[in-house]
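S.K.: So the chains spell out like this:
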Amino acid sequence: MIRRSAQPRGALAALLLTGLLGACGDAPEDPSLRGQVLTLGAGSADARAAALAWIDAHWRPGYAAPLIDALPFAGDARTRGAMMDLLRRRSDAQPGNTPADWQQWRRQAELPLHPDYARIKASLLGLVDRHLYQDLRQVEPTVFQHLQWTGLRRTDRPEPAAQAGMADAGDVTLQDDELVIGLVMDGRARAYPRRLLADHIALRDRTTAGDALVIHDALSGTTAAYRLRGDQLADLRDSVFLFKGDTVLHDAGSASFWRALDGARLGSGAGDDTGQLNTIAQVTTTWRAWRQLHPDSLVLAGDPDRTTFRRDKAAFRQYRADRRLARLTAPGPLAAGRTVLGMAEDGDALAVVADATAGEAVKQVQLAGRTMSILHTNRALRVYDTGDIHLSGRGSPGIWRDGRDRRWRQTESALIGPGGRQLPRVPTRETSWRVWHSAHPHSRVAP
Amino acid sequence: MSKPIRFAGLIMLGLIAGCGDAPDPSPAYDSRTAFILAGLEVPPEHRDFLFFDLDPAESEAAAANLANGLREAASGDEYLVVLGPDAAFNRTTLNAALARQSGRSLAGMTLVYLGPATHRDSVGNHLADRELSLRYVVYP
Numbered sequence: 311m312i313r314r315s316a317q318p319r320g321a322l323a324a325l326l327l328t329g330l331l332g333a334c335g336d337a338p339e340d341p342s343l344r345g346q347v348l349t350l351g352a353g354s355a356d357a358r359a360a361a362l363a364w365i366d367a368h369w370r371p372g373y374a375a376p377l378i379d380a381l382p383f384a385g386d387a388r389t390r391g392a393m394m395d396l397l398r399r400r401s402d403a404q405p406g407n408t409p410a411d412w413q414q415w416r417r418q419a420e421l422p423l424h425p426d427y428a429r430i431k432a433s434l435l436g437l438v439d440r441h442l443y444q445d446l447r448q449v450e451p452t453v454f455q456h457l458q459w460t461g462l463r464r465t466d467r468p469e470p471a472a473q474a475g476m477a478d479a480g481d482v483t484l485q486d487d488e489l490v491i492g493l494v495m496d497g498r499a500r501a502y503p504r505r506l507l508a509d510h511i512a513l514r515d516r517t518t519a520g521d522a523l524v525i526h527d528a529l530s531g532t533t534a535a536y537r538l539r540g541d542q543l544a545d546l547r548d549s550v551f552l553f554k555g556d557t558v559l560h561d562a563g564s565a566s567f568w569r570a571l572d573g574a575r576l577g578s579g580a581g582d583d584t585g586q587l588n589t590i591a592q593v594t595t596t597w598r599a600w601r602q603l604h605p606d607s608l609v610l611a612g613d614p615d616r617t618t619f620r621r622d623k624a625a626f627r628q629y630r631a632d633r634r635l636a637r638l639t640a641p642g643p644l645a646a647g648r649t650v651l652g653m654a655e656d657g658d659a660l661a662v663v664a665d666a667t668a669g670e671a672v673k674q675v676q677l678a679g680r681t682m683s684i685l686h687t688n689r690a691l692r693v694y695d696t697g698d699i700h701l702s703g704r705g706s707p708g709i710w711r712d713g714r715d716r717r718w719r720q721t722e723s724a725l726i727g728p729g730g731r732q733l734p735r736v737p738t739r740e741t742s743w744r745v746w747h748s749a750h751p752h753s754r755v756a757p
Numbered sequence: 031m032s033k034p035i036r037f038a039g040l041i042m043l044g045l046i047a048g049c050g051d052a053p054d055p056s057p058a059y060d061s062r063t064a065f066i067l068a069g070l071e072v073p074p075e076h077r078d079f080l081f082f083d084l085d086p087a088e089s090e091a092a093a094a095n096l097a098n099g100l101r102e103a104a105s106g107d108e109y110l111v112v113l114g115p116d117a118a119f120n121r122t123t124l125n126a127a128l129a130r131q132s133g134r135s136l137a138g139m140t141l142v143y144l145g146p147a148t149h150r151d152s153v154g155n156h157l158a159d160r161e162l163s164l165r166y167v168v169y170p
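Quick mapping for you: the protein sequence lines, in order, are chains A and B.
In this text, residue positions in the first sequence follow my numbering: the first is 311, and each later residue adds one.
In this text, residue positions in the second sequence follow my numbering: the first is 31, and each later residue adds one.
These are calculated hints, taken from the structure and not from any lab test.
Among these hints, one or two may not hold up.
As the list claims (entries may be wrong) - Listed below are several chain B residues computed to face chain A (Cβ distance under 10 Å; list not exhaustive):
| no. | residue |
| --- | --- |
| 1 | TYR59 |
| 2 | SER61 |
| 3 | ARG62 |
| 4 | GLY69 |
| 5 | PRO73 |
| 6 | ASN155 |
| 7 | LEU157 |
| 8 | ARG160 |
| 9 | VAL167 |
Stated by the list, open to error - Covered stretches of chain A, going by a simulated chain B footprint (3 or more residues, C-beta under 8 Å):
| no. | segment |
| --- | --- |
| 10 | 344-354 |
| 11 | 429-440 |
Claimed, not checked - Counterexamples of contact, computed for chain B against chain A with all Cβ distances above 10 Å:
| no. | residue |
| --- | --- |
| 12 | ASP60 |
| 13 | THR63 |
| 14 | PRO74 |
| 15 | PHE82 |
| 16 | ASP85 |
| 17 | GLU90 |
| 18 | ALA93 |
| 19 | ALA97 |
| 20 | GLU102 |
| 21 | ASP107 |
| 22 | ARG121 |
| 23 | SER132 |
| 24 | ASP151 |
| 25 | ASP159 |
| 26 | GLU161 |
The C-beta atom is built at its ideal place from N, Cα and C for all residues, glycine as well.
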């Protein structure tokens, strides 16, 4: 009798032991972490010290990532230093003394994530803007480990330019070498001085055929243009967050976030038509070069929101001047901040160094099995889907010749050849190598 | 007790003692953080909401005030926040306020309640038949 009854008792004891070991040595992640991490940013000095002591005492590997994310929000320099001391002691790493150093280390270390990580991160970002927190909670949890705060507060971020003031080219005075972003919409060429766009990051230009959303962010290096309906994403503006280093826009009306580089809704799945903006082919070139090709172009005249955008804001000046993010390294053959022209299709991706083709008129490349031609004119790069047509060089301005000496007229939407045959323009993305590589880690670089 | 069980019991005691030796501070309560956590749960379009920062020193009036607040929030589909440094007092006060509203539906209102993880189930159970929306925030 004793022997038989001892077995179940032994099993019971083993279960109890397992339970105790679980509670002591390998406890589940504590749901209190969120509040303690937030205290590091928002709490009193005493509370911050107590929160850090609690995090240290309950340390799990999954605590490192939220602690690193909390570094930019630390209540003061002393707290931030203590947080980094704790991270050094617990991770045995010495990446540096700034939040950016730790973010960089974190990307390479592939840290495990706390089960509540997305909510903790959303709460930290909610310290920047409570309005954004509600919308962040609707974003897929997997997005959060790649979200980063730029350092701008809600009140510091530029107002969206609701109505761009466009003027005829002859009515404005721009330096010949001023860089502009040029595109054609509604049959009309339009140019936007990059210097003005950088003040707003995103600018909406209303036309009779819909709106052009033109984006340029000096921090991420991303330049892009998208076509919107007049009523689509009416509140779109910079979110003050970056996703994998790229600019993120936020639309309060639809509670959605959008990536600047590819116009995709943050957290939306592949094939989601509502989660993808329509790209407009654009080019960065000099005002002189653009005006030569499009003498009747409209051009953005002056600051479109001079009255509402507070350009004297110190935080935004700091943001514009901030090179800590730009200094981050990226794998691959190029420097992180190098500007590239990117193309992606059917799982293939190619980056072209924007100034590497200077002096070359035509460069042929392959993308997803198709032959494309990069045309270099007046310091600007445009890509066309030329297939079996081999362009040999430029004739007169705006005219290209192929191997059979046929003439192809260059427009912003296509090359137009014999019999009206059209070789369509391929929309490209312009950004820094760091951002492009983050979005397309297997991208090739054009030789 | 048989010998194997005595042995296991000794190990368990040792393990418990081992756990007790480790520094194990309780999570800190900070009122500023608590306010922010509560505010995050209230949608920005709700510019006004009822807010109860419960103070054990005012225990006499707390339950009555909270009961009035619950009734007001339910009638106006409002948000009502309950927080405070003393988790046990908060829960007791909420239960007392609910008792004053016995049987009454609180449909329409949203209760944002800050408390420890260990109170989540009991608070939820107390509110189960009141038809309100509960946003339980684990804090501290």
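S.K.: It remains to establish, for every hint, whether it holds in the given structure.
M.R.: Comparing the hints with the structure gives:
no.	hint	verdict
1	TYR59	holds, 8 Å
2	SER61	holds, 8 Å
3	ARG62	holds, 5 Å
4	GLY69	holds, 6 Å
5	PRO73	holds, 6 Å
6	ASN155	violated, 18 Å
7	LEU157	violated, 19 Å
8	ARG160	violated, 24 Å
9	VAL167	holds, 8 Å
10	344-354	holds (count 8)
11	429-440	holds (count 4)
12	ASP60	violated, 3 Å
13	THR63	violated, 4 Å
14	PRO74	violated, 5 Å
15	PHE82	holds, 18 Å
16	ASP85	holds, 18 Å
17	GLU90	holds, 29 Å
18	ALA93	holds, 25 Å
19	ALA97	holds, 27 Å
20	GLU102	holds, 24 Å
21	ASP107	holds, 17 Å
22	ARG121	holds, 17 Å
23	SER132	holds, 31 Å
24	ASP151	holds, 13 Å
25	ASP159	holds, 25 Å
26	GLU161	holds, 23 Å
Comparing the model with each numbered hint stated earlier shows that hints 6, 7, 8, 12, 13, 14 do not hold.
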